[in-house]
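Residues per chain, in single letters:
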Amino acid sequence: MSISIEQRRQHRLMTIEKSLAKRHRKENAFRRMGLMAVITGMTLVAILFVSILMRGVPAFWQATFYTDVYFDPDIIQLEPKPERESGESQFAFDERYSQWLTRAGLVNWQTLIDNALEEALGEEVEPRQLRDLRALVTSGERYALRDRFVEDPSLLGQTIELKMLASANVDVWIKGNIDRDLPDARQQLSAQTREWADRLEEQGVIRNAFSTSLFLNTDSRSSLASAGLAGAFMGSLFMMVVVIALSVPLGVSSAIYLEEFAPKNRLTDLIEININNLAAVPSIVFGLLGASIFIGYLRLPLSAPLVGGLVLTLMTLPTIIIATRASLRSIPPSIRQAALGIGASRVQTVFHHVLPLALPGILTGSILGVAQALGETAPLLLIGMNAFVANVPGTPLEQSTALPVQIYLWQGNELRNFFEARTSAAIIVLLGLMLSLNALAIWLRKKFETRW
Amino acid sequence: MSNLALIATLLVMMALAYHLGLTRSRAMAAEHDVRMHSRPGYYGVLVALWCGLPALAIFLLWSFLAPQMIDMLVTQQLPTDLVAGLSDRELQTFLRRVTALAEGRGVAGGGSPEELAAAAHMARLQTIENFSLVALMAVLVVVGLIVARRRISPNWRARNQVERVIMIALAASSAVAIFTTIGIVLSMLGEALKFFSFISPIEFFFGTTWNPRFSTSGASNQGEFGLLPLLWGTMMVSTIALLVAIPVGLMTAIYMAEYAPPWLRNVAKPVIEILAGIPTIVYGFFALIVVGPFLSSIGDLIGINIRTTSALTAGLVMGIMIIPFVSSLSDDIITQVPKSLRDGALGLGATKSETIRQVVLPAALPGIVGAFLLAASRAIGETMIVVLAAGNNPVLHANPFEAVSTITVTIVNQLTGDMDFASPQSLVAFALGLTLFVITLGLNVIALVVVRKYRQQYE
Numbered sequence: 001m002s003i004s005i006e007q008r009r010q011h012r013l014m015t016i017e018k019s020l021a022k023r024h025r026k027e028n029a030f031r032r033m034g035l036m037a038v039i040t041g042m043t044l045v046a047i048l049f050v051s052i053l054m055r056g057v058p059a060f061w062q063a064t065f066y067t068d069v070y071f072d073p074d075i076i077q078l079e080p081k082p083e084r085e086s087g088e089s090q091f092a093f094d095e096r097y098s099q100w101l102t103r104a105g106l107v108n109w110q111t112l113i114d115n116a117l118e119e120a121l122g123e124e125v126e127p128r129q130l131r132d133l134r135a136l137v138t139s140g141e142r143y144a145l146r147d148r149f150v151e152d153p154s155l156l157g158q159t160i161e162l163k164m165l166a167s168a169n170v171d172v173w174i175k176g177n178i179d180r181d182l183p184d185a186r187q188q189l190s191a192q193t194r195e196w197a198d199r200l201e202e203q204g205v206i207r208n209a210f211s212t213s214l215f216l217n218t219d220s221r222s223s224l225a226s227a228g229l230a231g232a233f234m235g236s237l238f239m240m241v242v243v244i245a246l247s248v249p250l251g252v253s254s255a256i257y258l259e260e261f262a263p264k265n266r267l268t269d270l271i272e273i274n275i276n277n278l279a280a281v282p283s284i285v286f287g288l289l290g291a292s293i294f295i296g297y298l299r300l301p302l303s304a305p306l307v308g309g310l311v312l313t314l315m316t317l318p319t320i321i322i323a324t325r326a327s328l329r330s331i332p333p334s335i336r337q338a339a340l341g342i343g344a345s346r347v348q349t350v351f352h353h354v355l356p357l358a359l360p361g362i363l364t365g366s367i368l369g370v371a372q373a374l375g376e377t378a379p380l381l382l383i384g385m386n387a388f389v390a391n392v393p394g395t396p397l398e399q400s401t402a403l404p405v406q407i408y409l410w411q412g413n414e415l416r417n418f419f420e421a422r423t424s425a426a427i428i429v430l431l432g433l434m435l436s437l438n439a440l441a442i443w444l445r446k447k448f449e450t451r452w
Numbered sequence: 001m002s003n004l005a006l007i008a009t010l011l012v013m014m015a016l017a018y019h020l021g022l023t024r025s026r027a028m029a030a031e032h033d034v035r036m037h038s039r040p041g042y043y044g045v046l047v048a049l050w051c052g053l054p055a056l057a058i059f060l061l062w063s064f065l066a067p068q069m070i071d072m073l074v075t076q077q078l079p080t081d082l083v084a085g086l087s088d089r090e091l092q093t094f095l096r097r098v099t100a101l102a103e104g105r106g107v108a109g110g111g112s113p114e115e116l117a118a119a120a121h122m123a124r125l126q127t128i129e130n131f132s133l134v135a136l137m138a139v140l141v142v143v144g145l146i147v148a149r150r151r152i153s154p155n156w157r158a159r160n161q162v163e164r165v166i167m168i169a170l171a172a173s174s175a176v177a178i179f180t181t182i183g184i185v186l187s188m189l190g191e192a193l194k195f196f197s198f199i200s201p202i203e204f205f206f207g208t209t210w211n212p213r214f215s216t217s218g219a220s221n222q223g224e225f226g227l228l229p230l231l232w233g234t235m236m237v238s239t240i241a242l243l244v245a246i247p248v249g250l251m252t253a254i255y256m257a258e259y260a261p262p263w264l265r266n267v268a269k270p271v272i273e274i275l276a277g278i279p280t281i282v283y284g285f286f287a288l289i290v291v292g293p294f295l296s297s298i299g300d301l302i303g304i305n306i307r308t309t310s311a312l313t314a315g316l317v318m319g320i321m322i323i324p325f326v327s328s329l330s331d332d333i334i335t336q337v338p339k340s341l342r343d344g345a346l347g348l349g350a351t352k353s354e355t356i357r358q359v360v361l362p363a364a365l366p367g368i369v370g371a372f373l374l375a376a377s378r379a380i381g382e383t384m385i386v387v388l389a390a391g392n393n394p395v396l397h398a399n400p401f402e403a404v405s406t407i408t409v410t411i412v413n414q415l416t417g418d419m420d421f422a423s424p425q426s427l428v429a430f431a432l433g434l435t436l437f438v439i440t441l442g443l444n445v446i447a448l449v450v451v452r453k454y455r456q457q458y459e
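So the sequences go chain by chain: V and F.
The UniProt record's numbering applies: residue 1 is where the first sequence begins, and numbers increase by one.
The UniProt record's numbering applies: residue 1 is where the second sequence begins, and numbers increase by one.
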């Protein structure tokens, strides 16, 4: 007895019917997996940003003393600042002035701060407690006081209200970034200093003020609380100038040649493969190249933004070439044909018609390449840009660090409680710069996007 | 005259030449009432090029050769017994001190009488050199200007010549990429060969102990340079990273390409692309400060000892870093699969997920594999995350919860600090770099070939 065709069809329909629910369940599960993946990605972005912001934003404000400082003539025993006399040679004056500066440097400026703090505390501090007292204000402030006086000697004998940064440890203590219940042996500050800090905070002498030192100072080893990003920022700026000046013209012209003029032969094939490969070479390899060629062979100075800029140029070149080529390729052939048709030469066609139309895409690609270069760290470590530099570099040949390298240096600082926040703040600055560059690129793309 | 001022003057002269060419060709056209071959601007540019290019070429050649010439002349002038007593290296140091003295910068310890004499000689030579360079350039500029200006005539094909120069410049700049690659290969090969003169390649590639010691401890105390622990660490971290990035990245790409409503696509795509723009040092810090302690406390909860800086921490964060890379590459490839394939499957009654799994993904597989290979090469070459979060422990072990060390970390460790290009401790960085370059190059080439094959299939 055979099953009729009708029965077989019925059977098949039923199997499909039965499996349908399961298949739909699978469909939903798959779809949910996809959604989960997207949500995971977005959550990770959120966690990263929130955790950095939470740590970094408070570091933009620092514990700061607002005290009256008396420029005591008994302590500052200095003759008036020398003026240039008539008939005196520039050289003689310079000599006299630098002698005066030396003597000004020898003045015990710390005592002025000590006295001001005693005043604020309203008690005599015994000599043996002087160490505890001096732990309150960061050590860089005495030089700031000297510089202020050298700038304006009429301060002698006056009392003015000054802002002075609290030391890093006091900042940590006041902000509660260290466990207040730790035993004395494990605290960074002595019991006396902590007590004073709390009292002064209650009195309003120590306030949380916006930290300009983060932006205006250079890195510092002795006065940690006033370590800032100015040097690193200038270093990064010099490097970016070098990168923009070299990699954009080189990259764009190389892309124009490859896309518009190059004959299709093995050599151009080779160049093309080569550029694609360079784009995927690890950045640290470019650092090795820089160390061996620029430093080892050409004997360019270590730690110089010029060398860093050169290395980053070589690194961003492929990115810019690839972006420019894509942008040139998206210009329809009709534009070229029209220009050629009315008698323009090939060079004229490209430079007068194709290039202006491709410009937004080229700009976007270049900005993204430069942003990438701005955040790069590894190759810079190999050409000595991780050296400690206490000056703002004035030329691209002076020693310098860069923003990402400064982040690397700060995260390794032993005073974890303080530098964790400060590193996060530096990261916020770097991310702010990079994201605004990226946003600019996206905006440009949106604004000039043309559909052919 | 400083180089900067020299170049600036040259540029001013070129601008002047441009103007002269422009006005001359205009005047000629008006005067003789003829049609010039090219538009006036081209004559201007051509005159400027005639005026500037030879001088520029001489300048570049000169600044490349002159210091070496001067060094040579100064060395010849030195007392022979002094030169004989110096090794090559000491001679270099001597010359550098002399250069510093000649340029008016001081040197440590003042300077011996010989050094001072040599410095005076060098300063004299430098003055002569500088003066003759300026004179030569001035002559070239003026001659070029006069010759070019004289040649302006209605038949002079200025546009064609200018365009030829432009073409040469364009071609030259596309050669920079080639030179970069050659530079990478040669520099690393050269230094790596120097390294292999200390340590045999067999010892390096198959050694299982990494213990380089310090370069200061002397030649008798040679360290051990075994690559395998580092290679193992690299593989471990990258594998963990890929285990994180591939599922998340691929599923994101599928969802974005096939399911997501346009509004979600518009929001989620840029957000995930932000992940791609974040510098790796930031990921490293994130790993060190947030992820490491988090994993470690989870380990405490379930009774496993997870170190804060471990292969797991570094791999996990590196995975997060590669997610956007995987997802954007796969997204491109999935959207390239022709619609007809999808329509066919859907028409036969397959559900959407069945279409994706059984039709779209197999069709896109070569491209996706290529994307994975590129992601792997990126993971292997990543530096800052592992420097901060992997713990630097170059030992062969299979525990992902322990610290490891990778090739990139070791390059950084060996080459920061004092840079001495003569000790195996520094030179090993180049051997490691070469290994890294070869590995990533291999992965990239395979990936590119695979992706290219796939593209041709559907074009």
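In short, the hints are calculated from the structure, not lab data.
Glycine included, every Cβ here is placed at the ideal spot set by N, Cα and C.
Hints are supplied without guarantee of correctness; some may be wrong.
What the hints assert, rightly or not - A few chain V positions that, by computed beta-carbon distances, are all more than 12 Å from chain F:
1. Val45
2. Arg128
3. Arg146
4. Leu415
Said to hold, decoys possible - Now the stretches of chain F that chain V is said to cover, found in silico as 3 or more residues with beta-carbon under 8 Å:
5. 26-40
6. 64-75
7. 233-246
Verification of the hints:
Consistency note on Val45 (chain V): stated as away from chain F, yet its beta-carbon is not over 12 Å from all of that chain's, at 6 Å minimum. No beta-carbon of chain F is positioned within 12 Å of the beta-carbon of Arg128 (chain V); the least distance is around 39 Å. No Cβ of chain F approaches the Cβ of Arg146 (chain V) within 12 Å, the least distance being about 27 Å, so the stated non-interface status holds. Interface exclusion of Leu415 (chain V) from chain F stands, the closest Cβ pair being 15 Å apart, more than 12 Å.
Counting residues of the stretch 26-40 of chain F whose beta carbon lies closer than 8 Å to any beta carbon of chain V gives 0, which falls below the threshold of three, so the coverage claim is violated. Under the rule that three or more residues need a Cβ within less than 8 Å of chain V, the assignment of the stretch 64-75 of chain F is violated, with 0 such residues. With 0 residues having a beta carbon nearer than 8 Å to a beta carbon of chain V, the stretch 233-246 of chain F misses the requirement of three or more and the stated coverage is violated.
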